[in-house]
Amino acid sequence: MQTVRLTGPRLTLREYHHTPEEVAALHALHGDARVIRHLPFDAADFEECADQIELYLDEAEAEPRQHYRLAVDDPAGEPIGQGALTRDGEHAAQLGCVLRHDTWGRGYAGEVTALLCALGFDTLGLHRLFARTDPDNPAAARVLTRAGFRYEGRIRAESHWDGSWHDALQYSLLAPEWRAVQLAAPALRPGG
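For the sequence shown, the positions run 95 to 286 when the working numbering is used.
It is worth saying that the hints were derived from the structure and are not from the lab.
For each residue, glycine too, the CB sits at the ideal point set by N, CA and C.
Take the hints with a grain of salt, since some may be wrong.
[Said to hold, decoys possible] Label-pair distances were calculated between CB atoms; the ranges are:
1) G201 x T180: 19 to 29 Å
2) A278 x A137: 34 to 44 Å
3) T217 x L151: 31 to 41 Å
4) E157 x A274: 25 to 35 Å
Throw the hints in and build the complete structure from the sequences for me.
This is the structure we're talking about:
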């Protein structure tokens with residue numbers, strides 16, 4: 095397994111470790127109704143989070159690797175979220191991130207998005223990244239558009255959870271657009 099570690103101006107994205115502290119950090123995300131209200135799954139208990147980390151570690155060993163589920167550490171090294179990149183064929187991947195409720199509003203989602211874009215375009219050589227958001231989550235749409243993603247459309251009844259169907263808004267970014275964003279705003283570059 096090639097270990098992934100991405101460092102930005104304030105945050106670090108890294109591989110998970112199967113420890114009680116890591117499980118507790120994931121549970122602080124996936125077990126918090128405020129955090130997952132826009133995500134396509136129900137709240138998870140501690141044991142389910144332990145199983146998820148085991149799955150993430152297994153996925154990291156796969157050849158070729160399809161899933162990059164990475165812990166997000168704050169400037170003090172404390173896990174505060176998760177970034178994910180899931181390959182969709184040879185040249186594309188879906189991007190996503192989730193952050194602990196008490197860290198919202200600090201610009202961390204934009205930094206995680208930039209780090210995941212760098213992983214997808216610069217490291218993996220992908221041509222297209224896409225992300226889906228809940229129509230009731232305008233903050234996520236703002237993060238994506240600031241990163242250069244373009245709105246593609248609404249996917250009706252894209253997922254089913256909590257007893258009902260939910261639509262999603264889809265955004266995408268192509269490699270040439272990413273490079274143009276990086277040239278125009280070098281301060282947004284990971285590590286820059």
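Is 31 to 41 Å right for how far apart the beta carbons of T217 and L151 are? For L151 against T217, whose Cβ atoms are near 20 Å apart, the range 31 to 41 Å is violated.
Regarding A278 and A137, is the given constraint of 34 to 44 Å on their beta-carbon distance met? 40 Å, holds
In this structure, is the beta-carbon distance linking G201 and T180 contained in 19 to 29 Å? 24 Å, holds
Status of the given 25 to 35 Å range, CB of A274 versus CB of E157: Between E157 and A274, where Cβ atoms are some 33 Å apart, the hint holds.
The structure shown violates just one earlier hint, number 3.
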